[in-house]
Amino acid sequence: MQQPQVQQRIVNVVSRVLEVDPKTVELESNFASDLGAESIQSVELVAAFEEEFGIEMDEEAALSVDTVGGATDYISQICREQGVEA
Amino acid sequence: MTTIAKPHLLVNAAEPNLLEDTFDYSLPPLIKFENHPITEIIDGVPVEFDPSTVKSRDIVITDTTFRDGQQARPPYTVDQMVRIYDLLSKLGGPQGVVRQTEFFLYTKNDRETLDRCRALGHQYPECTGWIRAVKGDFRLVKEAGLQETGMLTSSSDYHIFQKLKFKNRQECMDSYCEVVDAAFEAGIRPRCHLEDLTRADIDGFVLPFVDRLMEMSRQVPQEQSVKIRLCDTMGFGISYPGAELPRSIPKLVYKLNRECGVPSDRLEWHGHNDFHKVHVNGATAWLYGCDAVNTTLFGFGERTGNPPLEGSIFEFIALKGEMCGIDTTAIRELAEYMRSIGLPIPDNYPFVGKAFNTTRAGIHAGGLRQDERIYNIMDTSSLLGSPPRVSLTDKSGADGVAVWVNEFFGLTGDQRISKIKIHKVARWVMDQYEKNGRLTAISDEEVEIKVKELMPDLWQKYKGNGS
Numbered sequence: 083m084q085q086p087q088v089q090q091r092i093v094n095v096v097s098r099v100l101e102v103d104p105k106t107v108e109l110e111s112n113f114a115s116d117l118g119a120e121s122i123q124s125v126e127l128v129a130a131f132e133e134e135f136g137i138e139m140d141e142e143a144a145l146s147v148d149t150v151g152g153a154t155d156y157i158s159q160i161c162r163e164q165g166v167e168a
Numbered sequence: 428m429t430t431i432a433k434p435h436l437l438v439n440a441a442e443p444n445l446l447e448d449t450f451d452y453s454l455p456p457l458i459k460f461e462n463h464p465i466t467e468i469i470d471g472v473p474v475e476f477d478p479s480t481v482k483s484r485d486i487v488i489t490d491t492t493f494r495d496g497q498q499a500r501p502p503y504t505v506d507q508m509v510r511i512y513d514l515l516s517k518l519g520g521p522q523g524v525v526r527q528t529e530f531f532l533y534t535k536n537d538r539e540t541l542d543r544c545r546a547l548g549h550q551y552p553e554c555t556g557w558i559r560a561v562k563g564d565f566r567l568v569k570e571a572g573l574q575e576t577g578m579l580t581s582s583s584d585y586h587i588f589q590k591l592k593f594k595n596r597q598e599c600m601d602s603y604c605e606v607v608d609a610a611f612e613a614g615i616r617p618r619c620h621l622e623d624l625t626r627a628d629i630d631g632f633v634l635p636f637v638d639r640l641m642e643m644s645r646q647v648p649q650e651q652s653v654k655i656r657l658c659d660t661m662g663f664g665i666s667y668p669g670a671e672l673p674r675s676i677p678k679l680v681y682k683l684n685r686e687c688g689v690p691s692d693r694l695e696w697h698g699h700n701d702f703h704k705v706h707v708n709g710a711t712a713w714l715y716g717c718d719a720v721n722t723t724l725f726g727f728g729e730r731t732g733n734p735p736l737e738g739s740i741f742e743f744i745a746l747k748g749e750m751c752g753i754d755t756t757a758i759r760e761l762a763e764y765m766r767s768i769g770l771p772i773p774d775n776y777p778f779v780g781k782a783f784n785t786t787r788a789g790i791h792a793g794g795l796r797q798d799e800r801i802y803n804i805m806d807t808s809s810l811l812g813s814p815p816r817v818s819l820t821d822k823s824g825a826d827g828v829a830v831w832v833n834e835f836f837g838l839t840g841d842q843r844i845s846k847i848k849i850h851k852v853a854r855w856v857m858d859q860y861e862k863n864g865r866l867t868a869i870s871d872e873e874v875e876i877k878v879k880e881l882m883p884d885l886w887q888k889y890k891g892n893g894s
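Going line by line, the protein sequences match chains A and H. Note that the numbering used here numbers the first sequence so that position 4 is 86, with each residue one more than the last. Note that the numbering used here numbers the second sequence so that position 41 is 468, with each residue one more than the last.
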């Protein structure tokens with residue numbers, strides 16, 4: 083799957099978990115300061131990404147990703163490493 | 428005081444210095460002293476004390492749970508006291524760190540208790556008695572077959588004049604010494620309890636009385652010589668260097684030990700907690716030359732209580748730097764037993780309260796998840812059978828839930844699950860407060876039900892079909 087498709091699925095997950103309009107979610111959007119993610123929602127986001135893509139992520143590394151663009155890069159990389167077709 | 432400016436340069440490091448020589452996690456934090464003596468000015472003269480001698484001295488803990496401890500609650504039954512005695516023996520170990528415990532001797536139950544405790548065959552704690560300063564009471568001690576008994580020899584004028592109504596100090600001293608003589612005649616070692624010592628006239632009464640006791644002791648075999656209990660009856664004792672007599676513990680110990688010549692192994696400190704000083708005061712007596720600290724389990728004693736025995740146990744290990752045969756897990760057994768017979772132990776009580784190593788803050792729980800040493804005082808799992816825990820509230824966060832779940836399933840090392848996997852339970856916890864307006868902590872039972880419901884695979888893996 084191409085990066086744009088990964089990005090769209092991430093936007094959908096972010097929109098659903100954080101209850102925000104997908105149109106407001108941009109690559110540069112910061113989960114906490116732009117999209118209002120509280121501490122527990124960050125954990126829920128990571129869990130939702132794992133479920134969406136069928137991958138396992140390192141807790142510390144995943145929670146250190148703070149933007150939608152960063153998540154797109156990180157998840158694409160994890161999918162490749164774990165042989166998951168994103 | 429003069430200010431001396433001194434630069435302090437950062438010692439940069441890429442590896443942590445966890446000070447493990449002192450904070451060896453397998454022991455309570457060690458108490459170490461610098462290699463020079465403590466100086467106290469006494470009667471205008473500098474006097475040196477070397478606190479590091481506690482490592483080589485035979486310092487001990489003595490117990491008065493059945494005497495002072497019972498003055499704070501309804502009487503224990505015989506069975507209860509025998510059980511407690513048995514656990515005290517386990518706690519103190521074969522070296523007799525819990526060296527003695529004292530018993531009333533006045534009722535049939537008192538004597539039955541003593542007999543049954545001795546029938547257990549433990550070497551320690553040794554059983555001693557407690558009687559009034561009345562000559563006839565030695566018959567009870569003799570009949571009980573005890574080698575040693577405590578007896579009241581009140582030392583302040585509050586007691587001598589206001590309570591006991593002696594005409595003068597001489598009459599009082601003569602009366603006490605008559606009773607001591609009676610003990611010698613009965614072949615019993617008297618332990619003179621200098622009641623209310625910390626508001627007594629030390630030079631005018633206490634020291635002359637102890638001088639006389641020492642003189643009398645020279646006439647009897649060593650094993651019968653008088654012991655002295657320094658009784659801080661009202662909790663007035665002060666540990667700080669420079670404090671005045673009669674409240675200064677360093678000076679009291681010095682006067683009795685070095686001026687009157689009472690050997691350290693015949694001195695015992697007995698404190699009360701009226702001013703929240705009780706534990707440190709006991710330890711101070713140890714450091715300045717008094718070998719025994721008299722305690723009660725969980726500090727239960729008259730009014731505000733006595734030095735808590737379990738606190739002295741950890742202080743002892745911290746001073747000695749080793750366990751010396753002590754079985755600290757008996758502390759938890761004792762606490763559970765005491766609770767079962769109705770002794771209230773507050774949740775925040777050190778070592779055994781239900782919350783003593785429980786954190787509610789998510790940021791602390793996060794620390795615990797990374798390295799439990801960050802927020803746990805010592806290895807409470809092995810020393811007390813009590814792993815660090817979290818109590819879940821709106822402040823616990825996902826970290827707190829993760830600690831709870833891992834602890835509940837007993838998961839360690841690579842088995843531990845991340846906070847990503849417990850997000851549904853964490854959300855449920857948050858909703859309790861954010862959506863339902865809850866104001867109380869969530870009980871373990873509630874969390875358990877939710878874990879079973881929201882994490883069925885984990886439950887099945889570690890709990891199977893059991894509850």
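Treat the hints as calculated values from the structure; they're not laboratory data. Backbone N, C-alpha and C fix where the C-beta goes; we use that ideal spot for every residue, glycine too. Careful: at least some of the hints might be erroneous.
Claimed, not checked - A few chain A residues facing chain H, derived, Cβ under 7 Å:
(1) 97
(2) 101
(3) 125
(4) 126
(5) 128
Results for each hint:
no. : hint : verdict
1   : 97   : 18 Å, violated
2   : 101  : 13 Å, violated
3   : 125  : 5 Å, holds
4   : 126  : 5 Å, holds
5   : 128  : 5 Å, holds
Comparing the model with each numbered hint stated earlier shows that hints 1 and 2 do not hold.
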